[in-house]
Amino acid sequence: MKSRTLLAVLTFAVALAPLLRPGTAHAIPAFARQHNTECSTCHTIYPELNEFGDAFLKNGYVYPGKPRAAEAPAEGAPAKPRSEGLWLAGIPEQIPISFTGTLNVTYDKDASDKDQLDLAARALRLQAGGAFREAAGFFVTYNLYSQGTQNGAVLTPNTNRPDIDELYALWRHALGTPVNFRIGRMEPKLSLWKRSDRLIPVPSFASTAYTVGRSQFSVDSRSDALEANAILGNRVFVAGGVVDRKGQNTKDGYGHISVKFGGTDLKGQEPELDLEQESVWDYLSLTLGGFYYVGRDADIAGLNGIGQNGNRFYRAGTEADLIYKRLRLKGSGVFGADRNPDFTPVRPAADNETHAFAFEGEYLFGAPVNFAAVLRYELQDDAVGVTRRYIPAIVYAPLQNVRTSLQYNYEVTPERRNRITLASLSFSF
Amino acid sequence: MGRIVVAFFLVALSSGLAHAGLPIVGRGDAMRLDPSGFTPQMKANYDIVRVRCVKCHTLERTIVAIKTGVAPISGQPFDRSATKAYGVKMLRKPDSNMSKAEVKAAVDLLNYLLIQAER
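Same order as they appear, the protein sequences are chains A and B.
Per the working numbering, residue 3 is the first one in the first sequence, and the count goes up by one each step.
Per the working numbering, residue 501 is the first one in the second sequence, and the count goes up by one each step.
Hints were generated in silico from the structure; no laboratory data involved.
The beta carbon of each residue, even a glycine, is placed where N, CA and C say it ideally should be.
Hints are not guaranteed to be accurate.
To be verified - With a straight-line cut-off of 20 Å between C-alpha atoms, the simulated DMTMM-like cross-links for lysine to aspartate or glutamate are:
# : chain 1 : residue 1 : chain 2 : residue 2
1 : B       : 604       : A       : 284
2 : B       : 567       : B       : 534
3 : B       : 604       : A       : 272
4 : B       : 589       : A       : 274
Said to hold, decoys possible - Covered by chain A, per the in silico footprint, the following chain B stretches (three or more residues, Cβ under 8 Å):
# : segment
5 : 553-560
6 : 571-580
7 : 589-598
8 : 601-613
Please model the complete structure; the sequences and the hints are all you need to start from.
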């Protein structure tokens, strides 16, 4: 009897063995889980996107490739184990949710609150996103908890303040056209890079993050918007939209255009190369972008939220992103003017003109990539005066979903010099 | 008792079943190809693949694509026209650290294996 039981258990164990074997180490946030692939498919070191990740984003979170290829296996291939009912309903088989936790340690020798070594900076963020049968999609980022997070170059102590950072729906290839529509709270498509699309996400590039006076507008700020965008000819991306700002009737408007030369195209297709001969162009890609934003904001404190002492403003920017093998260079320049950024009852005689530049170089190490060296220079000229920042940093990812970084922010403002060292650990799951 | 023993061996055999046209050894993450029947050139190419490609993904992913004719992640057809595109993708990916000659060797091997798999 014992031997029969033993053999039965053995048989059962062998039968189950293929189900129990450990797989390769996959990073597991929502998109990686959804497509059963690793973080490095779309990221150099997360959260920075590589060329394929950028194509995935521009394609509305649909895996770049032939239409419906991800849904319908090729003829003769084994069918994917999936629920037809869920597919017909457009419901993802897995709930596409992931979390990112961040722990920061800062050292500021000249901290105004005398707290030179600050361990109390942390954040937990929920992210969700995906496509519904390649026809629609959505993206959400929700700040579950944050404390002592860094805003620009300044550490702003703020205790637990949950809020929706992004929540938008998108309609892919509306009515069979190449045009996609996005509606909701989002970062309007202006810059080549989303705020999070960097090896060192804080601070954001000065050119996209700077604000003027009391106006809260920055190029990378989240807004309630309706946007149309499209990939044209595989290498051109255009976007335009309107933004609804609180306390006023008029809408802001914006436009973006970018062109990519060389490298993976915007639909994720690789370039045709000759594998017999070497050419510098095989590894080179250059993306040039430009944008314009014109808007109006106002002081909405009091008066039941009705805007008063309005401020008309514009921003115009041009950017470049160059990739050559493991080297990546980014440049961003933004010009702008604000009519009344301090919302004063008597408007200033002249516009407040501003400009900011950011240049960043990064080099990736390792195969697979797990280490990066970064150097950034920023110049910001606004009403306060000229501010310069020099930010060297190193980034190490022991696993694809775990990232550590160490950066030194040396900032020279008209009033003072700030020297802040920031160590950061973040993980996504 | 006899039926259980037979069932045990049947299950054990089925779990390691290999594709008839490809010399597959092992399974799962440990899946490999037996290059003993390859031409000398393809043996050399396989040496490149088994060292370079597994730095980022298992050989199982590649072998499944060859066996089924479908890339397991994208769901796109994996045929001779696709192998070069994958090679170019790996060439340009900093993670791979592969030279053009190595990528060409890998693409040649994939095309060779696709023919073997069709037999």
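Against the structure, the hints come out as follows:
no. : hint             : result
1   : 604(B) to 284(A) : 14 Å, holds
2   : 567(B) to 534(B) : 15 Å, holds
3   : 604(B) to 272(A) : 15 Å, holds
4   : 589(B) to 274(A) : 10 Å, holds
5   : 553-560          : holds (count 4)
6   : 571-580          : holds (count 6)
7   : 589-598          : holds (count 8)
8   : 601-613          : holds (count 3)
When held up to the earlier numbered hints, the structure conflicts with none and fits them all.
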